[in-house]
Amino acid sequence: MGFDAASPRWRGTVKNRVRRGLRGNNQLPPSHDVSVGEHTNMKKALVSIAFGLTASLLATGASAQATLNSVKQKGFLTCGSNTGLAGFGQPDAQGNWTGLDVDLCRAIAAAIFDDPNKVRFIPLAAKDRFTALQSGEVDVLSRNSTATMSRDTQLGLDFPAINYFDGQGFMVRKKLGVASAKELNGASICTQQGTTTELNLADYFRANNMKYEVVAFATSDETFKAYDAGRCDAFTTDASGLYAERLRASAPDDHIVLPEIISKEPLGPAVRHGDNQWGDIVRWTHMAMLNAEELGVTKANVDQMKTSENPEIKRLLGTEGKFGEATGLTNDWAVRIIKHVGNYGEVFEKNVGEGSRLKIKRGQNAQWTKGGLQYGIPVR
Amino acid sequence: MQTVVSQTSPPQKSFLYDPKVRGIFYQVVLVAAIVFLFYVAATNAIENLQRAKIASGFGFLNNTAGFDISQTLIQFSAAGGTYGDAFIVGLLNTLLVSVIGIFFTTILGFTIGIARLSKNWMVAKVAMVYVEVLRNIPLLVQLLFWYIAVLGTLPQPRNSLEMGAGFYLNSRGLFMAKPLYASDAWVLLAALVVGLVGTFVYRHWARKQQEQTGRQYPVGKVTLALVIGLPILTWIVLALVGANPISFELPRKGTFNLTGGMQILPEFVALLLGLVTYTAAFIAEVVRAGILAVSKGQSEAAGSLGLTPGQTLRLVVIPQAMRVIVPPLTSQYLNLTKNSSLAVAIGYPDLVQVFMGTVLNQTGQAIEVVVITMGVYLTISLLTSFIMNVYNRRVAIVER
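For the protein sequence lines, the chains are D and E, in the order given. In this text, residue positions in the first sequence follow the numbering used here: the first is 609, and each later residue adds one. In this text, residue positions in the second sequence follow the numbering used here: the first is 716, and each later residue adds one.
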């Protein structure tokens, strides 16, 4: 910053030089003098570019924390989303982003701004997603990303919640006559690079002592197109993704999903490590949706529920206690989420469940009270 | 001009107004500013990485990779391969497609460049259309076209096209017999070496003879006989004695695909086709410019000496045109090498696809991976330039 003090003096000398150059121009033809003036002007420009870059680098360093403040200042949330996965994150025919992961971002925006549309979605390929989050291009990554230990501890990320419990599976053409993943010895398999899928695939074939040929593509779109064109015998990704991608096949009924689930894929939103307040907001947005479902609070009845005498509902909806303010939001944060987006069950059914083309069963994603893994941490 | 001005202008009041001193001053400040900028950028990056708990350093190269790659020139498996090995696999794949690509694009480019100057109207126009179409469509589009064309037109593995001699073609690539070398295969290698040395000696002798006596010897035929004929003859002799130096492993039908033999991936074919045809269009123009730069009198003189048009081109025009051709040709070679990174779009496991794609994402160490990758391309390019510059010095006109 010492350079700030120095810069006016710099500008002074340059001005002198230019003025001298101009005066010289009026008198004699001192071409040499003028050329020096131009020279220094160029250098001045270079130097100012250098200072500008330095300043911006320093600035990035300072604003790595307090994501909530920067989101409030911008007036919208930037959300890293899938480039297009039906049911999870994909623009519809009108260009509106829809899906389970998209609705989580809308819920965060609703909690902050009371407006689920104050989100800017940035579609990211698997291999670019973590870099985009690390570098601050997106505030939150909600893009069916698997939480793993190395991502949590080495990539500078945190996974505050799991909004979909999934596992990896395979899809093949019916006419191959394959009924189990164990019969895939010698098959070519299309997969998306930079994913846990790529690693699980290697593990599975190694563990079962089978051979395979991997063909890895940068985006899910390229991967599925190559499979559909016949480059590979099998296509592998998370089971939810298999059902979603099958809808895009040239003849969806020609493909079957094999019964084996070869891995655990806890999918959830990711945030940068080190901004705990922001991580809390993302976690509690998901928890609010889970608790709302468990307590029977829905998009339709949330306003009536405000008068409920149930203390758990009162705490969730902010009519008792100051839980919202403690996270840097307002006390009616959960009301905003439920009113604009809905509870977890509603969002699930609308995007991937019975109300959608995917028709995925709740299974592991049912409430814990119904034998599933989704367990809302109590608000108290 | 400079000296004139400084002589005529009156002596300056102070050295502060001395243009030379000022120039040096500004340059020193600029250099200092740039050094400062890099220093701040580096320390800032390190500090941010540490604060965000992002791993840094190059230790990750020794960690187990845990993923597989479709085409590996060295032994690589998910079980034992490290990220460092994955880097080498990617690098070798890049070098493979670049070297083979440069070889074929040179041949194709020279052919089309010469064809464009042909007196045959049809040949010249076909070459012109080739150049204008190929160089005006973005390479990425062409690569996708080739990949989709390659994939779309080829049959599924169960209906593989049988092309005879152990060659099969299907949507998984081109399959061919794989040679298996027995312990006595060294005899064949020795025959090849003898053939090569013999050729070298013979060519040297033939040139001397021609310089002294003017007699020409059948260099081409003898070369062919020594380099190809001798090893084949040895092989036949060995086979007659009962030895079997080379056997072939033929591709067989497996559950999903052909197994055994050698396989050339469709991704490799598409990338090679795209790079070769695209770069050849530019090389053709470079060659045409080079040939047109040789004055017409040269070929007229060659003609009046009784050289055939073919000889004129080979012995008089091309050697002189090379002086003009080589420097821009180097740029085209560099372009081909760098453009090979577009492999990422069609799933060919080159350096960018494997290292900047999978490895970067699995380790999250973007800065290190990107720096290494940039360093590699810089090194390959500088090496290519160096080799071409050495060659250029050899073909350049020697002033006497």
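Each hint should be verified, as a subset may be incorrect.
Stated by the list, open to error - As a list, the in silico DSS-like pairs of lysine-lysine whose alpha-carbon atoms are at most 25 angstroms apart:
#: 1; chain 1: D; residue 1: Lys782; chain 2: E; residue 2: Lys968
#: 2; chain 1: D; residue 1: Lys682; chain 2: D; residue 2: Lys790
#: 3; chain 1: E; residue 1: Lys893; chain 2: D; residue 2: Lys819
#: 4; chain 1: D; residue 1: Lys680; chain 2: D; residue 2: Lys947
#: 5; chain 1: E; residue 1: Lys968; chain 2: E; residue 2: Lys893
#: 6; chain 1: D; residue 1: Lys922; chain 2: D; residue 2: Lys969
#: 7; chain 1: D; residue 1: Lys872; chain 2: D; residue 2: Lys682
#: 8; chain 1: D; residue 1: Lys819; chain 2: E; residue 2: Lys968
#: 9; chain 1: D; residue 1: Lys783; chain 2: E; residue 2: Lys893
#: 10; chain 1: D; residue 1: Lys726; chain 2: D; residue 2: Lys947
#: 11; chain 1: E; residue 1: Lys893; chain 2: D; residue 2: Lys790
#: 12; chain 1: D; residue 1: Lys819; chain 2: D; residue 2: Lys833
#: 13; chain 1: D; residue 1: Lys833; chain 2: D; residue 2: Lys782
#: 14; chain 1: E; residue 1: Lys936; chain 2: E; residue 2: Lys923
#: 15; chain 1: D; residue 1: Lys783; chain 2: D; residue 2: Lys726
Just so you know, these hints were derived from the structure itself, not from any lab. The model shown is predicted, which means the values in this text are computed figures rather than measured ones.
Legend entry - Restraint status (C-alpha distance of Lys872(D) to Lys682(D) at most 25 angstroms): violated (37 angstroms)
Inset, instruction - Decide if the proposed pair is consistent with the structure: Lys783(D) and Lys893(E), CA atoms, cutoff 25 angstroms inclusive. - result: Outside the cut-off at roughly 30 angstroms; violated.
Inset, instruction - With a cut-off of 25 angstroms on the C-alpha distance, tell me whether Lys922(D) and Lys969(D) pass. - result: The given pair, whose Cα atoms are some 31 angstroms apart, is violated under the 25 angstroms limit.
Inset, instruction - Quickly compare the C-alpha distance for Lys936(E) and Lys923(E) to 25 angstroms and report which way the hint goes. - result: holds (18 angstroms)
Inset, instruction - Take a quick look at whether Lys968(E) and Lys893(E) sit within 25 angstroms of each other, Cα to Cα. - result: It holds: about 15 angstroms lies between the C-alpha atoms, which stays within 25 angstroms.
Legend entry - Hint consistency between Lys783(D) and Lys726(D) [alpha-carbon to alpha-carbon, up to 25 angstroms]: Violated, at about 47 angstroms.
Legend entry - 25 angstroms limit on alpha-carbon distance, applied to hinted pair Lys819(D) and Lys833(D): Distance of about 23 angstroms is within 25 angstroms: holds.
Inset, instruction - Starting from Lys819(D), check that the Cα of Lys968(E) is at most 25 angstroms away, please. - result: holds (15 angstroms)
Inset, instruction - Mind checking the alpha carbons of Lys680(D) and Lys947(D) for me, to see if they're no more than 25 angstroms apart? - result: holds (20 angstroms)
Legend entry - Restraint status (C-alpha distance of Lys726(D) to Lys947(D) at most 25 angstroms): Since the Cα atoms of Lys726(D) and Lys947(D) sit roughly 15 angstroms apart, the hinted pair holds (cutoff 25 angstroms).
Inset, instruction - Would you check the hint for Lys833(D) and Lys782(D), treating anything up to 25 angstroms between C-alpha atoms as holding? - result: Holds - the C-alpha atoms of Lys782(D) and Lys833(D) are around 17 angstroms apart, at most 25 angstroms.
Inset, instruction - With a cut-off of 25 angstroms on the C-alpha distance, tell me whether Lys893(E) and Lys819(D) pass. - result: Holds - the C-alpha atoms of Lys819(D) and Lys893(E) are around 19 angstroms apart, at most 25 angstroms.
In terms of the numbered hints stated before, the structure departs from hints 2, 6, 7, 9, 11, 15, listed from lowest to highest.
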